[in-house]
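Take a look at the letters that make up each chain.
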Amino acid sequence: MVEDWKSYEPLIIPDIPNLHRIEVYEEHDGYRAFRRILDNPEEWSRTNVTNEVKAANIRGRGGAGFNAGLKWSFMPQPDERPRYLACNGDESEPGTFKDRNIFEFNPHLFIEGALIAAYAMSVDVIYVYIRGEYIDWVRIFEKAVEEAYEKGYLGEDILGTGIDIEMYTTYGAGAYICGEETGMLESLEGKRGYPRIKPPFPAQKGLWGNPTTINNIETLANVPLVINNGADWYQSIGAEDHNGPVLYGISGHVNKPGVYEYPAGMPVEDLIYDVAGGIRGNKELKALIPGGTSTPVLRADQLEGVSMDSNSLRDAGSMMGTAGMVVLDEDTDMVDLLWRITHFFHHESCGQCTPCREGTGWLEKVLLKIKNGEGEIKDLDLLLDMTTQMEGRTICALADAAAWPVRHTINRFRDEFEERCKKSVHAVA
Amino acid sequence: MTEQELAFTQDELDEIERIKAKFPTNKAATLRVLWVAQEKYGHVKPEVQNLVADTLDLPRSHVHGVASFYTQYYKEETGTYVLDVCTCLSCQVCGGYDILHHLEDELGIKAGETTEDGMFTIQEVECLGACGYAPMLQVTNGVYANNLTKEKVDKLIENLRKGKKPEFESMVMRQNEKRKKELSQ
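Chains as they are written, first to last, in the working numbering: chain X, 1 to 429; chain B, 1 to 185.
Simulated from the structure, these hints should not be mistaken for laboratory data.
From the three backbone atoms N, C-alpha and C, an ideal C-beta is built for every residue, glycine too.
Treat the hints loosely; a few may be bogus.
Said to hold, decoys possible - Computed beta-carbon distance windows for the label pairs:
1) B:T80 to X:E156: 53 to 59 Å
2) B:D54 to X:Q389: 40 to 46 Å
3) X:D315 to B:E177: 44 to 50 Å
4) X:G230 to B:R60: 29 to 35 Å
5) X:P199 to B:D117: 30 to 36 Å
To be verified - Derived DSS-like pairs: lysine-lysine, alpha-carbon spacing no greater than 27 Å straight-line:
6) B:K178 to B:K150
7) B:K45 to X:K6
8) B:K40 to X:K256
9) B:K110 to X:K365
10) X:K256 to B:K152
11) X:K286 to X:K151
12) B:K152 to X:K143
13) B:K180 to B:K162
14) B:K165 to B:K152
15) B:K45 to X:K191
16) X:K191 to B:K75
17) B:K155 to B:K178
18) B:K181 to B:K110
19) X:K143 to B:K27
20) B:K150 to X:K151
21) B:K152 to B:K180
22) B:K45 to B:K165
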């Protein structure tokens with residue numbers, strides 16, 4: 001757990017006006033990490049860069065928390081095929097609103113990180129996929145890409161090294177499933193965002209069948225920090241086994257909602273009561289969804305001593321997810337909340353797999369019945385049974401993500417759900 | 001407009017060429033060219049989908065499949081302004097439904113409908129990634145209106161009737177004092 005966070009100075013989005021402009025970014029040591037690599041190709045061979053990032057253990061910030069450098073190392077040896085880096089800026093997990101800050105306030109840090117990743121994996125083309133709703137941020141980000149091209153960081157013969165890397169920005173048109181990495185690849189290929197069966201994994205067969213790595217925007221923004229300061233330095237920030245800075249998106253019933261940058265492993269209570277100014281209207285905390293809709297809700301009494309890192313949250317019975325924390329006060333109706341969550345997943349299921357397409361719909365229908373006071377106690381057990389029928393039986397994790405909140409919200413707030421159910425209509429002899 | 005009358009201008013075709021250049025296949029440009037078409041016609045009804053398919057030399061069924069999969073494409077004509085009210089998770093618990101119901105009352109329509117004068121369409125939508133600024137809505141796939149109250153919504157409607165759209169609002173992190181100060185100057 002991190003205790004000395006009050007003196008922490010943001011690294012991903014530092015407090016520097018106009019940092020989104022390339023000349024300001026350069027004045028503040030921007031593109032130094034990338035230049036250092038290009039200037040010392042022996043010290044910073046592609047393998048060494050990958051190893052350094054692997055040693056830093058940047059846990060993927062898109063939700064899965066996988067070691068980014070390790071992911072890079074899954075790319076096969078270069079052959080005649082083109083190689084791709086696909087950057088996931090779909091950001092559609094409810095409760096998550098962090099990457100848009102990077103596009104708006106420090107886009108070049110991300111571009112530099114993506115360039116370093118592209119160098120390490122011998123990638124030819126970087127695609128940046130941003131959700132369609134973020135069109136204003138797409139336009140802001142496109143300007144940054146243009147600047148990077150003008151300065152010679154992107155394109156052909158980058159800074160005279162003979163290395164060619166293109167970066168193309170594109171955007172979706174409204175579909176949560178395109179945040180799933182292979183759903184995003186399908187969308188980049190101009191199709192419906194149907195997740196793909198794995199294996200083959202994207203490193204073997206990704207975009208148009210070619211080697212592809214997918215990283216989250218915030219994950220890549222961490223990369224220049226690692227190259228500039230070293231893996232050991234990076235490891236010294238945050239919690240054990242979960243390092244580096246994290247953009248915490250805090251929303252719901254707090255006085256000061258917003259995105260905050262602090263080390264991984266922040267005490268949950270400090271984030272809620274200190275950073276985010278406590279619960280609105282001096283109400284009591286009821287529950288927390290720690291990292292976006294899919295992560296299991298925790299009751300207030302489960303939060304004592306818990307910190308925002310994968311180990312602590314796992315022990316508490318949840319997950320880090322995207323660190324999009326939704327704070328819920330004592331007046332929150334958990335039945336209504338869960339019904340709305342199932343409505344979301346039903347709406348966003350891509351429809352490929354039966355357990356998900358049908359299951360999410362039935363979760364919503366049964367919860368609507370309970371919400372309207374028409375449910376019976378046995379419906380709660382039916383819901384729990386359905387979650388086990390859905391989990392692990394589909395191509396992607398959307399069904400799991402829909403099942404977990406149902407299971408954990410019912411189990412952790414069972415009284416509230418039972419209270420909403422009607423009495424048995426069967427006469428007892 | 002009949003199908004024969006639908007066509008992209010030379011400028012639009014040039015833009016489509018620039019989009020195509022980003023990808024190794026024509027198919028990959030589908031989403032973006034649907035956006036170009038929606039920008040032009042305000043919707044992508046079947047005849048517009050066909051125009052996109054024919055321009056990219058793709059099966060019409062493919063373009064229809066894509067257009068119908070993604071929620072931001074309008075498959076029917078909409079009002080001049082489409083108000084996408086988020087009611088998902090953080091917006092739900094911060095009064096998103098109050099905003100939606102207020103709009104429904106004020107405009108005399110329900111979510112999914114368009115006002116008789118053709119000015120407004122209301123839609124209830126899933127998370128738009130503005131959870132810290134809830135409740136919020138998005139105007140016609142464009143600008144976000146954050147931290148809404150009923151009064152703010154009334155003002156927004158009044159302004160939109162005059163053709164005045166809200167401006168992009170930069171949500172600076174509370175930790176970034178210098179940046180905030182600079183923005184306010």
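Problem - Hints the structure fails to honour - result: 1, 3, 4, 5, 6, 7, 8, 11, 12, 13, 17, 18 and 20
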